[in-house]
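There are 2 protein chains.
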Amino acid sequence: MILAVDAMGGDKAPLEPCRGAIMACQMDSSLQVALVGDASKMSSFLDEAPAEVRKRIHLVHTDEFISMDESPSVSIRKKRNSSMRLAMEMVRVKDAEAVISAGNTGAIVAGGILVLGRIPGIDRPGLGVPIATLSSRVSLLLDVGATVRCKPINLTQFALMGSIYMKSLVGVSDPTVALLSNGEEDIKGDDVVLQAREMLKASSLNFVGYVEGKDVPLGTTDVVVCDGYTGNVLLKFGEGLGEGVMNLMKEEISKSFLPKVGLLFMLPMLKKLHYRFDYERHGGTPLLGVRGTVIKAHGRSRAKAICNALMVARDFVARRGVQTIEDELAKGGI
Amino acid sequence: MILAVDAMGGDKAPLEPCRGAIMACQMDSSLQVALVGDASKMSSFLDEAPAEVRKRIHLVHTDEFISMDESPSVSIRKKRNSSMRLAMEMVRVKDAEAVISAGNTGAIVAGGILVLGRIPGIDRPGLGVPIATLSSRVSLLLDVGATVRCKPINLTQFALMGSIYMKSLVGVSDPTVALLSNGEEDIKGDDVVLQAREMLKASSLNFVGYVEGKDVPLGTTDVVVCDGYTGNVLLKFGEGLGEGVMNLMKEEISKSFLPKVGLLFMLPMLKKLHYRFDYERHGGTPLLGVRGTVIKAHGRSRAKAICNALMVARDFVARRGVQTIEDELAKGGI
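Taken in order, these protein sequences are the chains called A and B.
All letters in the first sequence, in the order written, are residues 1 to 334 by our numbering.
All letters in the second sequence, in the order written, are residues 1 to 334 by our numbering.
If you are wondering where the hints come from, they were derived from the structure by calculation, not from laboratory data.
All of these numbers come straight from a predicted model, not from anything done at the bench.
Among the clues, some could well be false.
[Unchecked claim] Subject to a maximum C-alpha distance of 30 Å in a straight line, what follows is the list of computed BS3-like cross-link-like pairs (lysine-lysine):
hint, chain 1, residue 1, chain 2, residue 2
1, A, Lys250, B, Lys250
2, B, Lys55, B, Lys250
3, B, Lys255, A, Lys255
4, A, Lys201, B, Lys151
5, B, Lys304, A, Lys12
[To be verified] What the simulated footprint calls covered on chain B by chain A, stretch by stretch (three residues with Cβ under 8 Å from a Cβ of chain A suffice, anywhere in the stretch; the number is not a length):
hint, region
6, 66–77
7, 172–184
8, 211–217
9, 226–236
10, 240–247
[Claimed, not checked] Residues from chain A that face chain B, not an exhaustive set, calculated with beta carbons under 7 Å:
hint, residue
11, Asn182
12, Val233
13, Gly240
Note that CB positions come from ideal geometry on N, CA and C, so glycine has one too.
I would like the entire structure built from these sequences, with the hints used as guidance.
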């Protein structure tokens, strides 16, 4: 299986994408990775790789790339030789089975629509991120940034894709689906959420109504649907809180001896907690609704996160993720 | 100072509002509280109070109240004898200096506008909640649920009121103000956030641009502005995560002996952490933009939270919160 990596995307590019590709190829001997980017910058990073791994990593050279603050729709259209666009074209012409990028989210979404096209029945794609919750359940939160503000139909389509994802790709039978709102009562929500609720009530999904912000970390339902603005803010809030609390603990511990002794004893538990919220472990978010496997990695991704995004891509391809969504939608939609 | 409490509002009414009133009157001997609600249900709860405290608590009887799932605008209009409406009327006719309610948020907002009226220059009020952050800073997050979806002008007015609040009522000189968005780059945000950003850039506020979700717990700026839907979801997400982590820790600790020993040593630090995020400690959220002091308490408020909401109300009145916002707005607005 060949996977294409936009090696110029993300804050740590191209070093970390290169290292992530090596790591992934070491973990899975059936994997080949095409690193799309500035070959002169990448080649030295690949010297670290064992010969057997190195030969499964291919360099696709380009000196054009899309930066984080460029207009998504303009850059993906005009920069035909950008690393992101080229990596997506590889998927379109079937030179690669999936594309992974830690770059400009808007450009990834625009590129997915422009280069790969939408799945029939889907108006706007959604980024679905599996959220580790405090229950044993992993919930799928979508959208987390593909479609900033949504119409009711976008939310209902996210609900449908999220449900298919959890059922067919994760193996949850009859997944519960909820709409995120500013309260559980039916009177809450604005016109968009309210209309989406009525549409979902009339659907065949296992729709349980509204959930509140608190239900996301508690893992109340299998799928939580919201617009991309809210989902993105929420995801990053959790991330900031997690990192901040860890830093604060370290700081407190450095101040005195007593908590240091305590930490020693609590270490196994804290590690377990951190493991649940470690985004590097999950690392990749599939862009649901386009006709090709597109995995968005975190902008701050290091090698481990890129490697995990490659594993997410591999599994999504192996489980025929795109085809499954397309087939299920063709069967009747909502 | 007389403060009116909607004693029938919230999940634990009227017991906890009664207990909260007793607690507050014990803490501050200059305080009087008017408990508006079903006198037959409340009177027995007041037997707990010492005589000196009891005589400063007045019962205002009514048997009508607004429940959590009623339509806000309809209920506040039609239920003229509801505990919430009566408590607000007391502020309007100056029988009380402030109103505190843990009831239906929408009805509190609708009641504030209908009974007390808006401050000139403000189209929609905002609920501003002081957020304990991981830095030493307390940030003001608004709106957290008064105006579910906003126009750009609403967001700019929240920014203005938030800035006045932090400067004049908290004592932060030249407070920094940010707009919450799905990324720091200027290309992020939808039309609403984008237009608000341009308006705020042209204003006299110390506007620093966009912040992301992660900046909220990190306390990057003094004021964080967003629509009421997003703010509400965010606030409750943090709440759920905090409670959930505490529960998970308790659960892990109950399983084995080692972490229990650790906890003993870490207890002072954990208490400090919990103290930062304990919403009961803050307890009250002022509704900014109406011509009267309206403090929203959490729907799940127990006595301690109600007591703290009364203290927030007392301080807001003592610092002439409403008048200060009105005066500053009259000076020129944005």
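Evaluated hints:
1. Straight-line distance between C-alpha atoms of A/Lys250 and B/Lys250 comes to about 21 Å, which keeps the hinted pair within the 30 Å bound.
2. Distance check on the hinted pair: B/Lys55 and B/Lys250 sit about 42 Å apart at the alpha-carbon level, beyond 30 Å; violated.
3. Only pairs whose Cα atoms come within 30 Å are accepted, and B/Lys255 paired with A/Lys255 is accepted, the gap being roughly 29 Å.
4. Of the supplied pair hints, the one linking A/Lys201 and B/Lys151 holds, its CA atoms being roughly 29 Å apart against a limit of 30 Å.
5. Only pairs whose Cα atoms come within 30 Å are accepted, and B/Lys304 paired with A/Lys12 is rejected, the gap being roughly 48 Å.
6. Look at the region 66–77 of chain B against chain A: 5 of its residues bring a Cβ nearer than 8 Å to a Cβ of that chain, three or more, so the hint holds.
7. Counting residues of the region 172–184 of chain B whose beta-carbon sits less than 8 Å from any beta-carbon of chain A gives 4, enough to reach three: the coverage restraint holds.
8. With 6 residues bearing a CB less than 8 Å from a CB of chain A, the region 211–217 of chain B meets the requirement of three and the coverage assertion stands.
9. Check result for the region 226–236 of chain B against chain A: holds, 9 residues qualifying (beta carbon to beta carbon below 8 Å, three or more required).
10. Residues of the region 240–247 of chain B with a Cβ under 8 Å from some Cβ of chain A number 6, which satisfies the need for three, so the listed coverage holds.
11. Annotation: A/Asn182 was flagged as interfacial toward chain B, and the flag holds, the nearest CB pair being 4 Å apart, inside 7 Å.
12. Among the interface hints, the one on A/Val233 holds; its C-beta lies about 4 Å from the nearest C-beta in chain B, closer than the 7 Å criterion.
13. Checking A/Gly240 against chain B by beta carbon gives a least distance of about 3 Å; that is within 7 Å, so the hint holds.
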